[in-house]
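Working from the sequences, and respecting the hints, build out all of it.
Letter 229 of the sequence shown, counting from 1, is numbered 209 in the numbering used here, and no numbers are missing.
Calculated directly from the structure, the hints in this document are not laboratory data.
Treat each hint with caution, since some may be false.
[Said to hold, decoys possible] Distance condition first, Cα-Cα at most 16 Å in a straight line; then the derived EDC-like pairs of lysine to aspartate or glutamate:
{"hint": "1", "residue 1": "Lys17", "residue 2": "Asp52"}
{"hint": "2", "residue 1": "Lys(-17)", "residue 2": "Asp228"}
{"hint": "3", "residue 1": "Lys217", "residue 2": "Asp52"}
{"hint": "4", "residue 1": "Lys65", "residue 2": "Asp92"}
{"hint": "5", "residue 1": "Lys169", "residue 2": "Asp136"}
{"hint": "6", "residue 1": "Lys217", "residue 2": "Asp228"}
{"hint": "7", "residue 1": "Lys120", "residue 2": "Asp92"}
{"hint": "8", "residue 1": "Lys116", "residue 2": "Glu143"}
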Amino acid sequence: MLKKRIIPCLLLKGGRCVKGVNFENHRDVGHPITNAKIYEAQGADELIFLDIEVNEKPGRGLLLEIVRQTADECFMPFCAGGGIKSLADINNLLRAGADKVAINTAAVKKPDFIRAAAEKFGRQCVVVAIDYKIIKNQSKVFINNGQEATGLDAVDWAKKAVELGAGEILLTNIDKEGRRRGYDLAMIKKVAAMVGVPVIASGGCGTLEDLKKAIMNGAAAVSLASILHFTDQNVIKARNYLATSGIDVRINI
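So this is what it looks like as structure tokens:
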């Protein structure tokens, strides 16, 4: 049985870390390398970088440089994403030091991109990020930083993505993101039961108990952002809480 993972998520804009609410109104929350070093020192299992500015203006160079610096200065595994459109983009990020890549919009627009990426780099490198909203009791996928509706059902899309080669699913409820009111447990449970790969719960963590609830509902990993930036909680406290709650996490850090 794989241990459950604690994964801080850093959103990037203009080479800085930012955090907002519902994918809007972002605030500066520091330098990416500084934050990465802090999370590594606290024992984070992995890290996720998501460049949210790429659809507004090209930022591939900035993301690549942040990936290179992180790989040079940190030893924890990390995933990089944002604006990935080609196998060349993936190759560049992996060669720069990323262990995995997160693809979202390009995967929806061209689903065979998932298969091509998995075949070339291995499915363990391919994370499909799914951003969704609950509309009339249905989960609907959004792309382009949550700005464009697709009409796709999020559960169906998760299943399809895994069939095509996704090695993990990063599942984010847009309406919960940044609000610190808890993850979307019903969706985590539903998607985790339908796919045979790890599901990373994202969007809404406000308390350490939220982490436990997400894992108890099927998440293989929990992504954290606002709780780390805007409260007194940290990765050390999160790990200790989960361990004492009987969750199988890595403790020999």
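Right, here's what the structure says about each hint:
no.: 1; hint: Lys17 - Asp52; in the structure: 11 Å, holds
no.: 2; hint: Lys(-17) - Asp228; in the structure: 5 Å, holds
no.: 3; hint: Lys217 - Asp52; in the structure: 27 Å, violated
no.: 4; hint: Lys65 - Asp92; in the structure: 12 Å, holds
no.: 5; hint: Lys169 - Asp136; in the structure: 14 Å, holds
no.: 6; hint: Lys217 - Asp228; in the structure: 15 Å, holds
no.: 7; hint: Lys120 - Asp92; in the structure: 20 Å, violated
no.: 8; hint: Lys116 - Glu143; in the structure: 27 Å, violated
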